[in-house]
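Residue-level listing of the chains:
There are 2 protein chains.
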Amino acid sequence: MAEQIEFDQAHQALQEITESLEIGRFVHVRRQLQDMEPEDIAHLLEASPRKSREVLWQLTDPEDYGEILDELTEDVKDSLVSKMAPEVLAEATEGMETDDVAYVLRSLPDDVSREVLSQMDTTERLLVETALSYPEGSAGSIMSTDFITIRGDVDVDVVLRYLRIKGELPEATDALYVIDTENRLIGELPITTLLTTQPDIPIAEVMEDAKEAIDVNMIDSDVASLFERRNWVSAPIIDQERKLVGRITIDDVVDVIREDAEHSMMSLAGMDDDEDTFAPVVKSARKRSIWLAANVLAALAAASVSNMFEATLEQMAAIAVLMTIVPSMGGVAGNQTVALVIRGLALGHIGDSNKRELLMKEALIGVLNGIMWALIIGGIVVAWKGNWLLGGIISAAMLTNLVVAGIAGVSIPILLKKMNIDPALAGGMALTTVTDVIGLTVFLGLATLLI
Amino acid sequence: MAEQIEFDQAHQALQEITESLEIGRFVHVRRQLQDMEPEDIAHLLEASPRKSREVLWQLTDPEDYGEILDELTEDVKDSLVSKMAPEVLAEATEGMETDDVAYVLRSLPDDVSREVLSQMDTTERLLVETALSYPEGSAGSIMSTDFITIRGDVDVDVVLRYLRIKGELPEATDALYVIDTENRLIGELPITTLLTTQPDIPIAEVMEDAKEAIDVNMIDSDVASLFERRNWVSAPIIDQERKLVGRITIDDVVDVIREDAEHSMMSLAGMDDDEDTFAPVVKSARKRSIWLAANVLAALAAASVSNMFEATLEQMAAIAVLMTIVPSMGGVAGNQTVALVIRGLALGHIGDSNKRELLMKEALIGVLNGIMWALIIGGIVVAWKGNWLLGGIISAAMLTNLVVAGIAGVSIPILLKKMNIDPALAGGMALTTVTDVIGLTVFLGLATLLI
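Residue numbers (the working numbering), protein chains in the order written: chain D, 499 to 949; chain A, 499 to 949.
To be clear, the hints were calculated from the coordinates, so they are not data collected in a lab.
Fair warning: there could be bad hints in the mix.
Which copy is meant is left open, so a pair is good if it fits within one copy or across any two.
Claimed, not checked - Straight-line alpha carbon distances no greater than 30 Å define the calculated DSSO-like cross-link-like pairs of lysine-lysine that follow:
1. Lys853 x Lys916
2. Lys741 x Lys916
3. Lys883 x Lys549
4. Lys549 x Lys916
5. Lys581 x Lys741
6. Lys853 x Lys915
7. Lys916 x Lys664
8. Lys741 x Lys664
9. Lys915 x Lys581
10. Lys549 x Lys785
11. Lys915 x Lys785
12. Lys915 x Lys549
13. Lys916 x Lys883
14. Lys664 x Lys549
15. Lys781 x Lys853
16. Lys581 x Lys781
All values reported here derive from a predicted model rather than from experimental measurement.
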């Protein structure tokens with residue numbers, strides 16, 4: 499359990515540092531921070547309430563700023579960067595990879611970002627400006643321009659000597675790229691091949707085809723899914739003319755995978771996936787209010803349905819008591835389907851060829867569970883209220899609503915995706931509105947007709 | 499947009515294959531499958547309804563079975579493996595990595611798994627049995643035993659010659675492991691160092707400390723979080739005596755990250771994260787029913803609250819019409835907080851040192867949004883129903899419930915975690931029950947007292 503201890507230590511470090519800050523032992527904290535890896539400081543900052551976060555940032559060695567910023571999530575990064583002077587920021591970006599600098603600059607206001615750029619030396623600035631020219635969320639925006647190219651007509655031995663002179667390879671280098679005179683990518687040479695091949699063999703004989711090179715405009719989620727399927731560690735990036743323009747490494751891909759997966763979960767609950775756990779209260783309240791506003795409309799839609807049946811409700815209060823059960827069950831069942839479909843859409847498992855089967859399957863599950871819960875709830879209502887008719891009405895409404903939930907659970911996310919609306923963001927709320935309205939309409943409608 | 503095309507082609511391939519299956523062009527499909535990479539066949543199987551999936555599996559070259567099985571999610575894998583003869587399965591596992599074989603065997607019934615093991619040759623069987631001896635979800639269960647060890651007292655040149663004789667390196671090898679005579683890990687030699695160092699330098703001089711080696715019992719999510727923070731491609735695994743027992747590579751870590759992130763999203767909706775998109779209807783219906791059963795209890799709890807106020811409901815039907823609004827808003831606001839806290843707990847950002855701040859922050863957000871929505875909803879009710887008292891009552895209930903939602907949204911997941919119950923699984927349901935019951939009690943209670 500050695501590593502479990504390591505993790506407990508990390509939590510303990512946080513506790514200790516928090517306590518030291520409270521009693522003002524700043525020198526002590528500064529020393530502790532110096533002993534920590536930048537990525538661990540980043541973790542500490544994410545886990546710190548806002549006030550301690552700012553103090554910790556002041557106590558951190560500015561030399562680590564760049565690496566730490568790169569590890570932080572958007573909102574936390576923004577909160578720190580917004581208070582830094584452009585020249586400090588420019589200094590912090592020295593030694594960072596170009597794509598990481600671009601990532602940090604992207605979230606700054608335009609004038610600050612321009613100010614920071616103007617403080618860099620020309621080569622660096624040109625590289626960063628190129629990185630910034632690719633749209634956010636494209637392969638170009640997460641690639642680095644740090645890679646090693648070789649020519650196909652030399653021997654392994656020449657490459658080995660070249661690398662020894664070079665002395666250091668870019669991070670996560672697992673292959674060298676073979677290019678022609680026009681800078682077009684023609685192959686890849688895994689460095690393991692370099693190690694296991696006799697020195698006198700020409701590169702062209704041992705290199706691998708680079709047939710699956712990634713286009714610079716590919717969407718980052720698609721890049722991640724390719725990496726995941728192919729088990730890549732890094733991959734070359736080419737432009738429309740097959741010219742080699744960059745390289746994406748697995749660590750950036752892991753960030754994309756993590757963000758995409760978190761996005762679905764947070765969006766379903768109506769949250770921003772960048773949201774800082776310790777964001778300022780007013781800012782959070784405002785952001786979340788948008789989602790509550792959408793729900794007010796949904797809740798008012800449901801209330802309007804009940805309002806149409808006010809006379810029935812007046813006649814028999816038991817109906818009012820029971821009327822929340824059917825919408826509630828429909829919402830839960832429908833959201834199960836929505837979660838399944840959102841995951842399937844994200845993984846590319848659902849398309850035109852199989853959506854019909856999926857709809858049938860989820861509708862059938864609705865029928866099966868509908869029958870079961872219609873009987874159970876019907877039985878409970880008969881036992882509780884001693885009214886067979888009311889039991890029958892709630893059973894019929896339950897069965898209908900669970901089938902509707904299955905059908906809507908498949909259709910709504912697929913339709914939203916077709917309309918280019920993020921299904922994770924709007925799917926759950928739209929589904930709940932449908933199951934609320936249908937559930938109430940059927941239950942109260944039948945009650946009005948039959949009682 | 500070269501790669502967008504590649505992806506569209508993948509979807510088109512699925513469509514084509516589905517159509518070919520429908521009209522019985524099996525030979526054609528078999529040929530298409532032969533041209534595909536195992537991981538792409540796995541993707542095709544995941545995206546196929548059950549009937550076509552079985553046919554596709556029959557048409558796939560059995561030589562690819564092992565690699566395909568390794569890429570499939572649990573439920574899909576189970577559905578295929580359950581119909582394979584043990585000897586076919588034993589053959590399929592040849593050439594797979596040990597951890598992957600163990601992963602496949604773990605999901606089989608004990609007798610089938612024993613049967614498959616008995617068909618393997620002795621060396622292979624022993625390796626797989628060792629892998630199976632580590633508990634699921636531990637570092638040991640995802641590590642491979644395929645790695646290269648060297649001694650610290652030799653020169654770089656000796657290692658280079660050794661590797662050339664060996665001819666091939668295990669997948670994703672980015673470092674060789676330096677061990678002592680007792681097989682204890684003393685260092686790592688990145689293969690990039692091997693390429694950039696002069697041949698006559700001893701290994702001990704250029705190797706890196708392996709101070710952060712992972713213990714074989716570490717939980718896989720913690721392994722993933724270390725990989726993510728340290729940007730590792732692979733890492734050595736040691737036992738309690740620091741003896742080197744295995745190696746974990748980034749591709750297995752990516753699977754863990756993906757599964758963990760999906761787990762939160764699917765669990766919040768009451769779904770199993772292994773659930774096959776095209777699972778059999780009866781099996782799915784049964785699995786989901788458990789969650790619906792939990793919700794029945796929650797819905798009945800809410801109905802019992804309304805039942806206590808039946809007299810009030812009888813008196814004024816408008817109260818029944820409006821009574822769903824307050825619980826609905828509380829549930830949505832509370833689930834925002836729950837999502838934030840579950841993510842924070844999963845990332846290790848929330849602990850004893852900062853939970854008080856978090857509680858304060860979320861309660862304050864509840865106050866701010868509570869005031870805002872109390873005014874808006876109160877206003878709407880006054881305008882709609884022309885009843886100032888009813889407007890005041892719903893406002894008071896709304897404010898109370900949004901503050902409760904913030905407090906419960908923080909407390910419930912943290913308490914569940916303390917009780918060793920998965921907060922992602924039970925958090926949302928528990929929260930909704932609290933906000934339903936409190937929301938109804940305050941609204942109907944005030945109405946009973948004041949009207």
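To see whether the hints hold, each was checked on the structure:
For the homomeric pair lysine 853 and lysine 916, the shortest alpha-carbon distance inside one copy (13 Å) is at most 30 Å, but the shortest distance between copies (41 Å) is not. Within a single copy, lysine 741 and lysine 916 get their C-alpha atoms no closer than 33 Å, and across copies no closer than 54 Å, so neither meets the 30 Å cut-off. With identical chains, the CA atoms of lysine 883 and lysine 549 are never at most 30 Å apart, being 56 Å at best within one copy and 46 Å at best between copies. In this homomeric assembly, lysine 549 and lysine 916 come within 30 Å of each other (Cα to Cα) only across copies, at 27 Å, whereas the closest approach inside a single copy is 44 Å.
Neither within a single protomer nor between protomers do lysine 581 and lysine 741 lie at most 30 Å apart by alpha-carbon distance, with minima of 40 Å and 48 Å respectively. In this assembly of identical chains, the alpha carbons of lysine 853 and lysine 915 lie at most 30 Å apart only when taken from the same copy (13 Å versus 37 Å across copies). In this assembly of identical chains, lysine 916 and lysine 664 lie within 30 Å of each other by CA distance neither inside one copy nor across copies; the values are 51 Å within and 53 Å between. In this assembly of identical chains, the alpha carbons of lysine 741 and lysine 664 lie at most 30 Å apart only when taken from the same copy (24 Å versus 35 Å across copies).
In this assembly of identical chains, the alpha carbons of lysine 915 and lysine 581 never lie at most 30 Å apart, being 39 Å within a copy and 36 Å across copies at closest. In the homo-oligomer, the alpha carbons of lysine 549 and lysine 785 lie at most 30 Å apart inside one protomer (21 Å), although the nearest pairing across protomers, at 46 Å, exceeds that limit. In this assembly of identical chains, lysine 915 and lysine 785 lie within 30 Å of each other by CA distance both inside one copy and across copies; the values are 23 Å within and 27 Å between. In this assembly of identical chains, lysine 915 and lysine 549 lie within 30 Å of each other by CA distance solely across copies; the values are 27 Å between and 41 Å within a copy.
Taking identical chains as interchangeable, the C-alpha atoms of lysine 916 and lysine 883 are never at most 30 Å apart, the minima being 46 Å within one chain and 40 Å between chains. Taking CA atoms no more than 30 Å apart as the test, lysine 664 paired with lysine 549 passes in neither setting, with 45 Å inside one copy and 57 Å between copies. Taking identical chains as interchangeable, the C-alpha atoms of lysine 781 and lysine 853 lie at most 30 Å apart only when they sit on different chains, with a minimum of 19 Å there against 40 Å within one chain. In the homo-oligomer, the alpha carbons of lysine 581 and lysine 781 lie at most 30 Å apart inside one protomer (17 Å), although the nearest pairing across protomers, at 55 Å, exceeds that limit.
The structure does not agree with the numbered hints 2, 3, 5, 7, 9, 13, 14 stated previously, though it agrees with the rest.
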